[in-house]
Structure formats: structure tokens, C-alpha cells
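Student: The chain contents come next:
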Amino acid sequence: MIIRLTLPSLALALLFPVGVFAQGSGFTNDVVPTLTRLGCNSGGCHGKAAGQNGFKLSLFGFEPEEDYEHLKRDALGRRLNLTDPDQSLLLLKATGSVPHGGGALTHKNSTYYAILHRWISAGALWKGDKDAGLARIEVQPAASTIQRGGSQKLAVMAYFADGTQRDVTHLAQFKADPPEAISVDDTGLASVGQQSVSGSVMARYQDQVAVSRIVVPLGAKVANLPPARNFIDELIFKQWKAIGLPPSPLCDDVTFLRRVTIDIAGRTPTPEEVEAFAKAKAEDRHEKLVDRLLASEDYAYYFANKWAAVLRNRRNSSNEDAKGTTLLHKWIVKSLHENVPFNAFVREILTATGEEGETPQVVWYRELRESSGLAEDTAQLFLGQRVQCAKCHHHPTERWSQRDYWSLTAFFARTDVQLPNPKSNKGMPKAPKRPTVVLKFEADPITHPRTGETLAPAGLGAKALKSAEEGDSRAVLADWITDPKNPYFARTLANRYWKHFMGRGLVEPEDDMRATNPPTNPELLDALAKHFIDSKYDLKALVRVICLSSTYRLSCEPNKDNAQDRQNYARFTIRRLPAEVLLDAINQVTLAKPMTPQSRTVRLPDNQSASYFLKAFGRPEAASACECDRSSTHNLAQMLHLFNSTEILGQIGDVLKDEPPPPKVGKQSIAKPAPKVTAGARILKLATDKRAHAERIRELYLAAFAREPSTEEVANLEAHIQQRGDVRAAYADILWALLNSSEFMYNH
Amino acid sequence: MISIFGNESTRTCFGVNRREFLRVGGLTLGGLTLSNLLSSHAAASTGASVFKDKSVVLLFLHGGAPQVETFDPKPEQRENIRSSTGHVQTNLPGVRIGGTFPKLAAMADRFTIVRSFGSGFGDHDPRPVLTGGNRLRAPIGSLVSRTLGNVNPQTGLPSNIVVVPESVRPELVRAQEGVGQLNDVRTQYVPAGNLGSNDEAFLPTGGRALIGSLQLRLERNRFEDRRRLLAQVDTFRRRLDATGDLAGLDAYQRQAHDVLLRDIAAAFDLNREDQRLIDRYDTSRYFVMENYQRGGPLFNGRICQSIWTNLLGKQMLLARRLCEAGSRFVTVVDSGWDMHGNANSMGVPAGMQILGPQVDHAVAAFLEDVHQRGLSDKIVLIVTSEMGRGQRNNTTGGSEHWGDLTPLLIAGGGLRMGQVIGESDRAGQRPVTRRYRPENLLTTVLQTMFDTSEVRVNPSLVPAEIANVMNNGAPPIAELFA
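Read top to bottom, the protein sequences are chains A and B.
One point on numbering: in our numbering, the residue at position 27 of the first sequence is 27, and numbering is uninterrupted.
If you count the second sequence from 1, you need to add 748 to reach our numbering.
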């Protein structure tokens, strides 16, 4: 009989060390991973809750004990034939020798067949000598540089509790990211295309995951680096040199002024600030500027706006929530203004007890209510871990299991969120007047949903507390989270702030710091986290070090090599102004309402003011812990609004025909006629100003673009005014064009 | 010059296109005004000659609607296999559908059910179904937009629109968790894959303010002058051309321009419909959605319920209005169809009792309305989901994700109606007849909307990347064309 050796099995035989075939097979370490690799236990096949045609496996093999039972004992033991292993139903089905809904998944000459066969021959034991518990896995090499169009072979090493290690490449599963630039096959061979990119390949074996970072260099010459001002520059420059990615030059001073004023203070600079900074000559003018902005209330309000959204500081339909919402916002502003260390800030939120009038952090509890929601938000906000999936099952690309999820939830087991709504408290003791958090006399038992075991509180990946009974275990949670040794806390905050200023997180999205989503520059993330811890969680110090780096000060304009860079900060990443900042900036140009610090949209405590503008431009609803709740992309509604809404056109001074009244048809009369919009002060001033047009245009440019116009720009606009004849109409045109320009709409 | 705005140049990066725009727009060559050029932008979309003048409404039940409970109820099977909500006899002999769909049962001759359709995918991502796996990773709506232009050249309506509950109730605020919330819609339904911002779907959520901004408030000439002035003022944009950083802004400003030169506001205004018709579509009486939202008495920590809405009827009415006004692909999203019977979602029986009747009512009202207007052949309705569900668990009533079978109902468009296509196994878990996949659905839609056989002979009738998709597709669902 001729043995047909198919190409894949030949490849396997060549690629995997002979040792693999010589060893015995363990159930947990070989058989289950084989079933995973062949797809038997996937959610679409035997892994689903009800199993498939009477054969059930645990999803992705996360529960080997159950799998053993199902294989060994169910179906009257027909699945395994210990005397004639080749006749085992398991093997007959897997090879398609008997009808199998899933088809033939492997063949008799494969490694996988051999693994299953060996295990059955050896008596199909639950605990074989190859079944030491898995401690962790590694993908080797952990990082590699692959030239464009090249490839790299990856190996997966498993480390076991008994100190042994093994190559499990043939049993692992791989996934490449980003998939359009990097591909990986079953043997662990990673191949890249022509695009320069930093990415990764994830490997999974049993319940462990690990990644190998892959950099595909550009290979251009890197010369003319700006001065390295701090550790950020050193680590970023190192990366540019490694990749061969030359940076753009530094931006000019007024561009820096606009950029940093928007990023720290959430507003565009005033014309006076622009003029003063343009004249400044002092060596330390940038430092002075950053310090001045950080000391201003604008900084506190802008970052309060950011934190309030992810802390769910929102008013729901009723106005009853207003008091707490306002107070929480006030507390955030004050904490940021006084630069309360971030660990203390977080602790106050996590351990809040009492009534929202006295302890406004209770608002966070008011919005989340359940212990599981509190645990989920805690993980995402402060640890960068999205644990939601683990509520119901172990997630294939995450480390966290149901045990981790519910153990984290157990920290909130004594937290009782009492709400004033009498309807939801029927038959209960009298409800408080305002939302209140109290500690229950006894903790609700938190049990593992599958095993029923009662779980004690435990941080993610940390040891469980001995007992949940004594005191407020939330304090212990706060201790664990804010411990300098916590692997997630400082890195998550550093990454969140890095993204705020640099436009892209070292990890993207910024609050998804799972093990399988590695940073593009791990050394830098570590260094930022260390800086943050060493500074005793000083937020302003972190902002300062980022904003004063040369990296932050690069021009956004490309050179011939870096136009496509999105990952390595070789030029400044431009971004649309956030909704609130843009609205305030428009007001600063049109002067539609008096410009005082208090009148700024950025200072609103919550989502209460219903504004179509803010909605269209993506203000978050504060209904999620995710920064992604804020949208910073464009859409048609925004453009229609800026081009053509009564609100904008009215402000810039267009005289509009009356808007057609809303149709009367229908019972629900939906809308009052739109309010009349009066022209802003700017257009009135421009139209009556006696100064030369060049002067007026200069003032407009300072207000809108925070820079002087060029002589050519002045000449063009003078020509436009001339051509239009009607001065007021001409300036309305100009205002319209400025507001719709990318230079205005973006931080650059 | 017209080709500047045709597909030839949109196929290159936006930067090139825009530079051309500036050059020509600024100079007004040989009497060719900016206005001529801009309006020809819309008209020059090349796919018009093979377009069969049909629109598609895709109702997407996001979360994984159970195939057995909807259109394949398995009444003869044992308890945990057959539909937990029972079944109803349709007006077609021998054809029965799920027990929560009596109104649809009475008009089964107006649609066709496919019982051998599977998304082939078992997670909460609609894109495998929306794209049919095409290499551009673009949802069908975006392919249609690329073929016909992102704005209807006759009426100015955006070609590709996604209708969410917020489209008919702008003040609605739902949780940002749960399967198919607004942020999922923004990231999964709206983007156009490799086709880029130009062919992204329009997501109307702004109510009166949006409608107001759709009516051009300036004199047309003045508006066009301003566009020219903007191009001149925005020197920054030119300096970033090579990066593509401003491609989104460019694309949307051009689309806004095209839209504003038409009066399309009325299409988005449901209040222009007869109140009796609005009432006929209305589904708000089927359940009180506030009860299930965070803080409502029935919320119970199950986040999948927190995004349920009872607004599907009005969403379907808006979809019909938009099609009538010239939109070509309207995706209606109804969310929260995950039914695991666990801490995050209800089991199947409870979930279906609440969500099923709303779909029954809304779809029946839609089909009746379209029929009365004589538009049945012009509008195709597709009802599906990102996957189906596995067998129910006896204790929890929940069931897991299941990609082998997915509910699929198709109505109108001149396709053959009143059929049941395909058959599933006894457990309602796998097809026993030829299996249909999203790629077959993609071809079916393209073949319904376009003369694809003409494109085979003459690929230049549509943009090259579209011809590539059309000419390398899977077979259609053949029975619909028989």
C-alpha cells in the first residue's frame, strides 16, 4: 500500500522537531490543544453549550475535566477504543472515515492523528506524566524585524509548573495584527507585505496567550534629528533609527502655541496670546507656556470634561440627578486643579460611601448600580482591561477567566447602591432621599457561575483575599490597583494621556491593554509609567514631560518618507477638534456670545444641554467607560451643519430667508420653529470697522488660525472683498470659508 | 474634464482628486464653471447604464436572531428543538413560520424564506453578512454607493443610509454596551472597508436640526462661490495632500455639497406622512423600552436588553421614504437579539416574545405599504442577522451563537416570491439542501440591482473594483430568479 503523504503533513514532519513525535501525549497538554487546533471545540461545532450531535466539548478546551468525561464516558465509551485505537470513533470521525458533519479534519499520517492515537494507546489517562500544569507560554522570538516582503518563523514554547518546557508550535493557534499587513500560517510562519508597520502575532495554547512583536522597517536614512529633550525623545528616536523613518522638522512657535493650548486647556489661543508668544524670545518660553496652561483653570475643566465622560457623569431624563452630577464635576475639576495624585483620586472614587450630596463620587455608583458593572468599569478605566466577555465565558484572546471576573466583582459584594426611586424599592426599607452607597452588613455571596464555588475578592491575576467579611474590601481593591507594582495602573493612565497629546495610543484602543494587544513602543510605555510612578502619580508632571518633548513639537507636514506613518509619531498626528472645543472656537471667531471662561462649552458639567452641534460632532453621552464613546471622525451631518445650518450661517451674519415652519401634520407636533439666530459681534465689527481690510483680515486670522496671514492670503481676500462689493457679505463669505477650513477644524 | 470627478480619479487617492479640483475649480477653464463641474460629479458615476432602478432595504436583527423561532419553526420536533414560541400556518399550504409572526404568515405569498442560509460566522460582527466576503471588505451598500455615486444624481439623496432608532427619535440615549449599540453601528455598519470615506453610509440621527440643515439656505451661486473661496483659503489642506489625513473631511465636504444642491430634507421628515400611516407602522405599543434600560425595573444587569427599542415600525417607514426619494441601499438596524439566557441576556423564549411581535408588525406594515404604492418590484426587502442560534438549553432557555444557519427573508424586487428555499436538518441546525452563504446573498443583491451579465461582457460599465467583485462572485440564490 502506497502511503500518500500530503503536502501539509510533509511540511509538519519537516518543520516540527522529531522530539514531538517521540514523546507520549498528555490529555490537557496535547489532546485538548489538538482538538482546539482542529476546530472540534469551536463555538460553531462541539464547543457550543449544547454540543453537536450528542458530543459536547468545552469551548476552546477551557475546561479539560469536562472534556475528559465526555470523551471517555459518554456515548457508552465508543469514542475511544483502547484495544484498537484506530477504531476509536474520535479518530474515525476526525479523519472522515465515518460520516462526520464537520468533514475530514485530519488524516492518518498527521501529527494530530499520532497525538490522539498515542494517548488512546497509552490507556487514555486523565493525568499522564505529560500533564504538568501550564504556567505560561512564550512566542519566540518575542520581537523581530522583518524586511518588507520577508517572513519569519515563530515558535511557541510552553513552560510548565514542574519546571519543564516544550515546543508546542504545532498545537498553538496564531493570529496576526494588522491582518492586512502581516499574515501567519498554521506552522507559525509570519509573512509581511510591502507596508512598513509595527504589528504582532498572537499565539494561543490552552488558556494562555502570548505575542511576538513584528516591525517591518521602512529603511530610509534618518538624519537631522531634533534635540532630544527628555527620555521620550530618546526612546522615540531610537525607534525611528531602527525602522529607518525620518521625522518631520519641529513646528514653528505659533503652531506649538495653538497645539498645546488646545491639548492642555481645551481652547484655541486668543489673538493676544498669539502676538505675545510670537514675540517671545526667552529660551524657556515653551516651558513657561506649558506651566502657565497647567496652572490655569482651563486645564482642570478640560480634563474634567474628559474624566467626567468616562466616569459616566450624566444626567438622565429627570432633573433629580442634577445635583450629584454638578457636584461630581466640581470635585473632578478641583482635584485636577490642585493636582491631587492620581492614585488618591482613584481611591476616592473606588471607596466612596454615603450620600451623593456629601460624597459626589457616589454618582458613579448611581449610574452603574450592580457590582458586576462596577467591576467592569474599574477594570477598563484604571487597568485598561476589558473583562466583559469573562462574565459569561473565558475569552479566547484574553487572559481573564470567569473566576477572574467574578473575583474582581466580589470586591463590590458589600456595596449597596440605594436609590430614591420608590418604585424600584417596593417592600424594601424606606429609600433614601438621594442616591446613597452603604455597606451591607453581610456581603452578597459571589459564586463562580459554572462551578458554584464561592469566590473571595481578588485583583486580576492576583491572589484572593482570605476573607471578604472584614471591613470594606474596596479599600483593599484600591490598595492593589494603586500599588506601584500593579502592572496595569500606571501604564494605562500613561497610555491614555499619551494618546490625548499624540493622537494615537502606544496601545490602541487606549483602554484595551490586554496581553495580546502589545504597544508599538514598549520601552516608551514602560518609561512613561515609571516616570508617572516616580513622580507619585503627578498628572501635571506627566503632561509636562510629554508636551515638552521634541516629539510632541514636530510639524504635521510630511517629508518624502513619512507621509504614511501612523504609528511612530514621525510627524504630528492631526486630529479634529473635539466637539466642545470646536464649538467654543467657532464662537471665538464669530463672537456670537460673550467670550468668558465661564461661557465655554468645555466647562459644562454634564451632557444636560441638548445641543445638535455637540451631538453631530461626537460629544460622548457619558454612558460608557470607553473613550470610544467620543467620536472624532467626520460625517455628513457635520458638514451640512457647518455649511448650511441656521445656527452657523446666522452667527457669521448671513441674512436668511425664514426657515419653513415645521409641518403641522400629525398628532405629535414635533418642534417649535427654530429660534432666530442673531448675527455675532464679529461680522458687525468687521462691516463697520474703519481700518484697512488688511488689518481686519489679520485680526480674523489671529482669531481663527492663531497666526498671521501671508501677504498672498491678504491679497486674495482683499480681491474677494473688492469683487463682492458688499463688505458685510464679503466678510460673511470669508468667515464661512475660515470655519470650514481644515486648518481651523484640526489641531495640527 | 468630466472624468476628473468620475471614478477614474476617485480610484486614486483623494489628494490627487482634490488637487485637480483646485486647479480646475480655481481657473474655471473655458467657461466651465465650478457649478458645472460639481454637478457633473454626481452624474458621472459610471454604473448608471447597468442599474435596474431598484432600492434595497436590509433589516438587520443584530445579536443573532434564532432561525427556528423566526422562519423555520420545526413543529414536529421535540421540545428543545422546535420553536419555543410555537408556529403559525401561513397562507401558503404546508408552510409554517414562528409563532410570533401571525401578520407575516397572512402574507407569505409576498416574500420568500431561505432555510438553508448560514452566515458561516459565529460572532457579533455584521460585516461578514454585509460584505458577503468581498475583497474590498465593503458592505453591499458601499459597493452600491461606489457604483452609482454616493448621492443620487437625480434627487440628491445619499445612496447608502443606515437607519437606527435614533434616526426616528433623536433624543433617545441608549447604553453604549450591549450588542449592536450606536457605537457598533458607527464602526461596523457605516465604514466602507477599502473604499474609504467617500462611500461610507450616512447615519441620520439629528432630527429637526438635521432636516433644517439639508435645505440650502443660501443662494446657490453664493454657496458655490464660497466653496471656491474655501479651496483658496485652505492652504493647509494642500500641504497635507500626500498623507491622506484629510481624506474624510474632503469626502464629506464634497458629499455635503452634492446633497445641498437638491432639496432632500423632506425625505427625512416622517411628519410629512399621513398620521394614519404612521400609526399603521408604529410598534411602540409592543413593549415599554424604558423598562429594560439601565435603571429600568426589568434591567436586571442584562446589558443586551438595555438597548432594545420599540421604534422599528418608524424605522421601516423612514426606510421606505428614503427609498422612494432615491436612496439605493438602506440598512435598518434593530439591536439586542442576543439570547444566551445568562447574566447578559434573556433566553430565547423570553427574548422572542418581546422582539418577535415588533418585527412581525413592522415588516408586515412595510410590505403592505410598499405593495399599495406599487413599489413591490422596485424595493427589495431583506431580513437577516449576523448569525443564527444553536439548540436551546433546557434550563436557561438560552442558546449560543450559530453560524451554520441564519434567518433570511427576501421580499419584492421582482424576485420569485411565495417560496421556501432550502431545508434544514431535523434539529434546525444545518442545511440539508444546498447551503447558501453571504457571498450568494451578495451576488443576489447585485444581480437584482444591476445588469451584471452586461458587466461581464463590458467591465468598464462600472468602476473597475466593482466589476472585479461582480465578475468574481459566487452564484446567486438561484431559486429567486427562477
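Simulated from the structure, these hints should not be mistaken for laboratory data.
None of the values given here were measured: they were computed from a predicted structure.
Treat the hints with care, since some could be wrong.
[As the list claims (entries may be wrong)] Which residues of chain A face chain B? A few of them, derived with a C-beta cut under 10 Å, are:
| no. | residue |
| --- | --- |
| 1 | L125 |
| 2 | W126 |
| 3 | A322 |
| 4 | K323 |
| 5 | L327 |
| 6 | G373 |
| 7 | H393 |
| 8 | D416 |
| 9 | D629 |
| 10 | F643 |
| 11 | L738 |
[Unchecked claim] One side only, chain A facing chain B, incomplete, derived with CB under 10 Å:
| no. | residue |
| --- | --- |
| 12 | G43 |
| 13 | K48 |
| 14 | C392 |
| 15 | Q722 |
| 16 | R724 |
Backbone N, C-alpha and C define an ideal beta-carbon position, used for all residues, glycine too.
Student: Given L125/A as an interface hint, is the shortest Cβ-Cβ distance to chain B below 10 Å?
Tutor: violated, 31 Å
Student: Was the hint right that F643/A lines chain B, CB cutoff 10 Å?
Tutor: OK, holds: F643/A within 10 Å of chain B, min 5 Å.
Student: Verify the interface restraint on C392/A: the C-beta must sit less than 10 Å from at least one C-beta of chain B.
Tutor: With Cβ-Cβ at 5 Å, under 10 Å, it holds.
Student: So, as I understand it, the hint says Q722/A touches chain B; can you test that by seeing if any CB pair is closer than 10 Å?
Tutor: With Cβ-Cβ at 13 Å, over 10 Å, it is violated.
Student: Restraint: W126/A near chain B, CB-CB cut 10 Å. Satisfied or not?
Tutor: violated, 27 Å
Student: With 10 Å as the cut and Cβ atoms as the points, is A322/A at the interface with chain B?
Tutor: violated, 16 Å
Student: Taking 10 Å as the limit, does the beta-carbon of R724/A come near enough to a beta-carbon in chain B?
Tutor: holds, 8 Å
Student: Quick one, is the H393/A hint okay against chain B at 10 Å, beta carbons?
Tutor: holds, 9 Å
Student: Hint check: is the beta carbon of G43/A less than 10 Å from a beta carbon of chain B?
Tutor: Holds, about 5 Å.
Student: Taking 10 Å as the limit, does the beta-carbon of D629/A come near enough to a beta-carbon in chain B?
Tutor: D629/A check passes; min Cβ-Cβ to chain B is 5 Å, inside 10 Å.
Student: Against chain B, is L327/A within 10 Å by beta-carbon distance?
Tutor: Violated, because the Cβ-Cβ distance from L327/A to chain B comes to roughly 19 Å (cut-off 10 Å).
Student: Min Cβ distance, L738/A to chain B: is it shorter than 10 Å?
Tutor: Status holds, d = 6 Å.
Consistency with the previously given hints fails for numbers 1, 2, 3, 4, 5, 8, 15, ordered from lowest to highest.
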